[in-house]
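Asker: So the protein sequences, as listed, match chains U and E. Under our numbering, the first residue of the first sequence is numbered 119, with each subsequent residue one higher. Under our numbering, the first residue of the second sequence is numbered 238, with each subsequent residue one higher.
No lab work stands behind these hints, which were simulated from the structure alone. In this text, a Cβ means the ideal position worked out from N, Cα and C, and glycines have one as well. Warning: the hint list may mix true and false statements.
Label-pair distances were calculated between CB atoms; the ranges are [unchecked claim]: (1) E:S548 - U:A304: 42 to 50 Å; (2) U:L151 - E:G389: 49 to 57 Å; (3) E:E533 - U:Q385: 50 to 58 Å; (4) E:A295 - U:E164: 37 to 45 Å.
Residues per chain are reported as follows:
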Amino acid sequence: MKETRYIFAIKEAMEEEMERDENVFLIGEDVGLAGGSFGASKGLYEKFGPERVVDTPISELGFTSLAAGAASCGLRPIVEIMFMDFVTCAMDSIVNQIAKMRYMFGNQYTVPVVVRMPEGGGLNAGPQHSQCLEAWFAHVPGLKVVMAATPHDVKGLLKASIRDDNPVIFIENKTLHAMKGMAAEADEDVVLPLGKADVKLRGGDVTIVTASRMVHESLKAAKILEQEGIGAEVVDLMTIQPWDRQTVFESVARTHRLVIAHEAVKQFGFGAEIAAAAAEEILDELDAPIVRVGAPFAPASYSLEKYYVPSADDVVAAVKSTMERTL
Amino acid sequence: MNRPSKDMLTDFYTMMVRIRKVEEMLMEVFSRGEILGFLHVSIGQEAAPAAVCAHLNANDSISTTHRGHGWAVAKGIEIRRAMAELFGKKEGFCLGRSGSMHLADAGIGIMGANGIVGGGIPIAAGAAFAAQYKKTDHVAVATFGEGATGEGAFHETMNLAAIRKLPLVFVCENNGWAEFSPRTVHMPVESVTSRALAYDIPAVSVSNRVVEIYEAAGEAVRRAREGKGPSLLEIRCNRWHGHYVGDAQKYRGKEKVEEAMAEDCIADFEAELIKGRVLKRKDLDRIQAEVSAEVEDAVNFARQCTYPDVSEMLEGLYV
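Can you build the whole structure from these sequences, using the hints too?
Answerer: Below you can see the structure in the form of structure tokens.
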């Protein structure tokens, strides 16, 4: 293990996988000469050349579908979408093509495409550069959806996503790019399993199910709650499609209270699915109503962002509201 | 390029007849309710697939459209299993999941018909990219109608393919109709070739004569195979039938339909073959009878195949 930053861990994962498998290549806007808009591919162009680190015109639909075709011919593309908001331009490619090619064609093709994109607020970048749209993709059969919260996880999950034979929507978070932390060295080759959650903190009174940046807000909230004698368990889903029901339900069976926290707009966010599944399957384990934390039902306002993006305080308030209530 | 030999001309004819008879049969079984969903036929447009696919082999890839039966047949799809797919049966290439609109055969590079207009164009570019990446001499062909040239996918792919010099041939069947709208409603230019100019892609427009298409396609495929980059080939043809089978074409008028049907690439080619003493009427009749038997056999096979079971609904969704 060594100390690194989240953004470097992304680069290392791609670099190690490109070294391991010559069919892996990176494609997207400014990924080559510029080293990536956020620097995720710095040095890869110099190392692997323009054939494997492919700069494209600004045409998300074109290069994402190109990746789909290349994947069905045996390559393993990593597509970089500069901001998650821009993936809207590639929705035909992901929803109608990539997600369906295997099933629709009777399993004749495998389409091992990874589509990487950073989501979330924190840069005061406004309504079209701050969205968290993971629930859209989690709603589409055929895709996997991964969200990484730490340098260690982003590296291990990205390596796993590149090796997975299914299409993976790989969601990074812009405010985490600079985050420092430990990550595996190349020779350790840590590959984390997709579909498996990680309990980031043990606690006995309430389960907080979360992902990406909100893992850290939830951990901060847990510290505050601890001072008030409330033990919060923080479950980092890491993969939201398929999500780890077993880990979540086992945790709730111990704590009997459930809070779900994500940065995305609360309405119809992934929290809705988890809350509904818990209500359907383990309602008898719950001692209080389920509470969700998410952004207000509005676009991210340029000037009001700090009130828009959910924080540890919102998680604390949500936990308290469930602690005070009973079913 | 050498002029096509007698054998090749015979093959073109046989393929064109095969495409037409497959689609005529599809219209028949569709009207009887034996196949479901939407059916889009390409009758009147058989020359293009027969001519272009004559330059391709099993390692070359092709993406087709909702009106793509002809391309699948010309690329060499096994008619029996293709028919089984259209009947929604398990023995079909896509396990009965695709039907007409998504017919694919990975074994011979048929990357799938696409229900999204223009959706297959960048996918074919991906196959071309893979061929270039692996340093093979395989090529890819993106087929589409002129209606698809209004889509961003077309323009984005032209741009990408030109920049990367992809071994890709854009084949546009300009049949004058984008679903229910005539060309004048959706294109300010008469020919798609002028759109290729903007991307510095060589483009040529040809008539619906099979030999003319064959020669132009040969040049485009050769350029792609030699690493010289993409080309665009436009075929000016006519759509005989409606957008889908059952479309009454009220927007088009009887006269226009009759005008379209007066141009028959198969009948015209028959006349050429007889006049040029390549084949006699009895040869043509024999080919027609053989192909009819082949199509009849495929339908009988499809009828005897089995429907997938509801228990197989989720099979293979993920690897």
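Asker: So which of the earlier hints does this model not fit?
Answerer: 2
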